[in-house]
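Please take these sequences and the hints and turn them into a complete structure.
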Amino acid sequence: MSEYDYEDLGLVVGLEIHQQLDTATKLFCSCPTALREPDEAERTFTRFLHPTKSELGELDEAALEESRVDREFEYLAYDTTCLVEEDDEPPHELDVEARTVAMQIAELLDMQVVDQAHVMRKLVIDGSNTSGFQRTTLVAQDGEIDTSEGPVSIVDIMLEEESAQRIEERDDGVLFSLDRLGIPLVEIGTGPDITSPEQAREAAETIGMLLRSTGKVKRGLGTIRQDVNVSIEEGARVEIKGVQALDQIDEIVRSEVGRQAELIEIRDELQSRGASVGDVTDVTDVFEDSDSGVIRGALDSGGKVMGVRLAGFDGLVGRELQPDRRLGTEFSDHAKRHGAGGIFHTDELPAYGVTEDEVEALRDAVDAGSEDAVAIVADDPETADLAIEAVADRAEVAIEEVPEETRGANDDGTTRYLRPLPGAARMYPETDVIPVDLDPSDVETPELLTEKVDRYQDEFGLDAGLADQVAYGRKMPLFEQAVDEGIDATFAAGLLESTLTELRRDDVAVENITDDHLLAVMHLVEDGDLAKEGVNDVLSTIAENPDLSAEEAVEEAGLSGVSEDEVREAIAEVVERNAGQVEEQGMGAFSALMGEAMGALRGKADGGVVSDVLREEIQKRA
1 MSEYDYEDLG LVVGLEIHQQ LDTATKLFCS CPTALREPDE AERTFTRFLH PTKSELGELD
61 EAALEESRVD REFEYLAYDT TCLVEEDDEP PHELDVEART VAMQIAELLD MQVVDQAHVM
121 RKLVIDGSNT SGFQRTTLVA QDGEIDTSEG PVSIVDIMLE EESAQRIEER DDGVLFSLDR
181 LGIPLVEIGT GPDITSPEQA REAAETIGML LRSTGKVKRG LGTIRQDVNV SIEEGARVEI
241 KGVQALDQID EIVRSEVGRQ AELIEIRDEL QSRGASVGDV TDVTDVFEDS DSGVIRGALD
301 SGGKVMGVRL AGFDGLVGRE LQPDRRLGTE FSDHAKRHGA GGIFHTDELP AYGVTEDEVE
361 ALRDAVDAGS EDAVAIVADD PETADLAIEA VADRAEVAIE EVPEETRGAN DDGTTRYLRP
421 LPGAARMYPE TDVIPVDLDP SDVETPELLT EKVDRYQDEF GLDAGLADQV AYGRKMPLFE
481 QAVDEGIDAT FAAGLLESTL TELRRDDVAV ENITDDHLLA VMHLVEDGDL AKEGVNDVLS
541 TIAENPDLSA EEAVEEAGLS GVSEDEVREA IAEVVERNAG QVEEQGMGAF SALMGEAMGA
601 LRGKADGGVV SDVLREEIQK RA
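Taken in order, the sequence shown gives residues 1 to 622; the numbers are from the UniProt record's numbering.
Be careful, since some hints might not be right.
Label pairs and their calculated CB-CB ranges [unchecked claim]: (1) Asp-412 <-> Ser-591: 48 to 54 Å; (2) Tyr-4 <-> Gln-112: 21 to 27 Å; (3) Gly-465 <-> Asp-506: 57 to 63 Å; (4) Glu-97 <-> Glu-447: 16 to 22 Å; (5) Pro-381 <-> Glu-348: 23 to 29 Å; (6) Asp-488 <-> Met-209: 23 to 29 Å; (7) Asp-115 <-> Tyr-4: 42 to 48 Å; (8) Gln-581 <-> Glu-459: 42 to 48 Å; (9) Lys-532 <-> Thr-206: 33 to 39 Å; (10) Asp-172 <-> Asp-488: 54 to 60 Å; (11) Met-209 <-> Glu-371: 28 to 34 Å; (12) Gly-528 <-> Asp-484: 19 to 25 Å; (13) Pro-323 <-> Asp-110: 38 to 44 Å; (14) Ser-148 <-> Ala-351: 22 to 28 Å.
Dumping the calculated DSSO-like pairs for lysine-lysine here, alpha-carbon to alpha-carbon at most 27 Å [stated by the list, open to error]: (15) Lys-122 <-> Lys-216; (16) Lys-241 <-> Lys-216; (17) Lys-241 <-> Lys-218.
No lab work stands behind these hints: they were computed from the structure.
Glycine residues also receive a C-beta, built at the ideal position from the N, C-alpha and C atoms.
This is how it looks when you write it as structure tokens:
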């Protein structure tokens with residue numbers, strides 16, 4: 001993708017950052033915020049969702065399109081979920097801990113907290129919420145962050161419930177898990193102040209750093225998502241959903257700018273050709289004897305083939321908008337949205353088992369000339385009708401403009417069509433949750449991660465690299481707890497950042513080791529009940545059997561502490577076995593014997609003690 005002059009194009013970008021909070025309980029009930037495995041579910045139930053009108057009697061266009069595909073939603077319920085998630089019990093009061101964290105974030109973003117939080121309902125009928133809506137509330141407004149390209153305004157912070165986790169896509173619906181539904185989530189929206197891909201990434205990174213500074217946000221894949229709103233002057237506002245990696249944001253923006261720029265050029269070319277879209281036509285007879293696998297499969301199942309003439313579109317349906325994505329891919333996305341597997345079009349035919357003769361017959365059937373293209377859909381009758389109409393509608397839009405829409409982020413930096421942009425009709429008041437007063441005066445402003453890095457170096461003597469690792473690492477809150485409880489800072493930092501990494505590389509299941517385990521092991525070392533050299537073995541033992549306490553793991557690993565007399569006895573034996581080497585080399589034999597001595601003690605004694613005793617024993621012999 002070539003680089004564009006973003007100022008000349010009038011690029012405007014806005015971000016919506018969605019971050020899960022690491023609270024003890026969910027936003028509207030007392031269930032824990034821990035995720036579960038699908039096979040741990042105790043039962044399932046199903047729902048069918050339909051759009052409802054807003055308080056003004058309006059239907060949201062995005063929800064209306066979603067409802068055109070009739071789907072069944074199945075949900076997995078656990079012993080850690082309740083009737084609130086199932087929409088069989090009214091929601092409880094807005095969680096106090098979540099409110100506090102949201103106000104801390106507002107303080108870091110220099111925002112004005114609202115006096116009273118009122119919960120609203122946001123219409124969502126894709127199955128990700130059992131109720132058919134998501135609950136959300138405004139917490140703060142009017143903030144700002146600095147970037148190297150200028151300030152970026154923060155319009156608002158919303159506190160809302162996370163959606164259910166999508167487990168499996170099915171032909172007739174979706175399987176969801178209720179474990180994630182209701183986890184507190186903050187949504188931070190910037191103003192349309194960002195004017196380059198690089199500034200978009202910097203703004204997202206800055207907001208991410210501020211969020212992690214609270215020590216109360218969840219970490220890992222899927223816990224933070226960025227929606228990126230992109231527009232250029234002759235294009236349209238497009239909301240790109242679900243960008244999970246911060247380092248992908250600038251690529252996403254560049255790719256979307258390229259897509260819109262190509263669509264503008266296609267629009268201008270179509271208008272110069274006097275392009276138009278014909279009526280949809282049943283062209284099943286053309287393919288009655290087709291050997292194309294896709295078409296044959298549809299016809300053999302009682303389906304049909306529908307086509308539409310795209311006058312003046314020849315050569316443009318196959319034009320690339322993004323890497324490996326073309327105008328035809330855009331048409332196909334709309335067909336898929338209505339249940340079809342995709343489309344064929346004459347810019348790519350003959351191919352896929354469709355012959356040259358069939359292409360010519362297809363052109364004749366819809367009265368297409370040499371400057372025209374034809375798109376077809378082969379599927380069951382209802383799906384084929386809906387899908388070809390969607391293709392025709394999207395082609396009509398291509399002649400006129402770049403459409404406003406919601407798109408999904410792909411892993412390669414490209415995007416795909418999801419649905420129309422939602423409108424104001426999707427939001428209306430929640431009458432089951434009472435408003436709550438918000439008072440930020442008692443909320444403690446968190447220390448920034450950048451400030452923690454400096455403090456860890458000054459206060460604890462950590463080197464810059466380790467200080468940075470700890471401050472930005474997932475175990476930062478545990479590190480702070482450990483040093484507050486008297487654990488040596490260098491030891492704690494090394495265990496949390498280096499030791500766990502080493503164990504992970506050795507395929508130890510470190511995810512089974514809890515923070516309580518880690519803290520208990522650190523205290524055992526600090527109290528002299530476990531040598532530092534035995535930490536890896538103890539943690540490996542815990543990983544294999546997480547039900548063990550740290551003390552039990554020490555016993556299981558055979559690393560119970562030894563007395564100084566036992567250390568001297570073991571080292572004396574090592575020196576005796578190597579008497580000749582000691583007499584010949586003196587202290588020069590120290591390094592070789594140190595390794596043997598530590599092996600003999602198997603991590604039961606501290607390395608410093610072993611070193612001191614070994615030196616004494618060598619000196620006696622030398």
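* Asked: Which hint numbers does the structure go against, in order from smallest to largest?
  -> 2, 3, 11, 14
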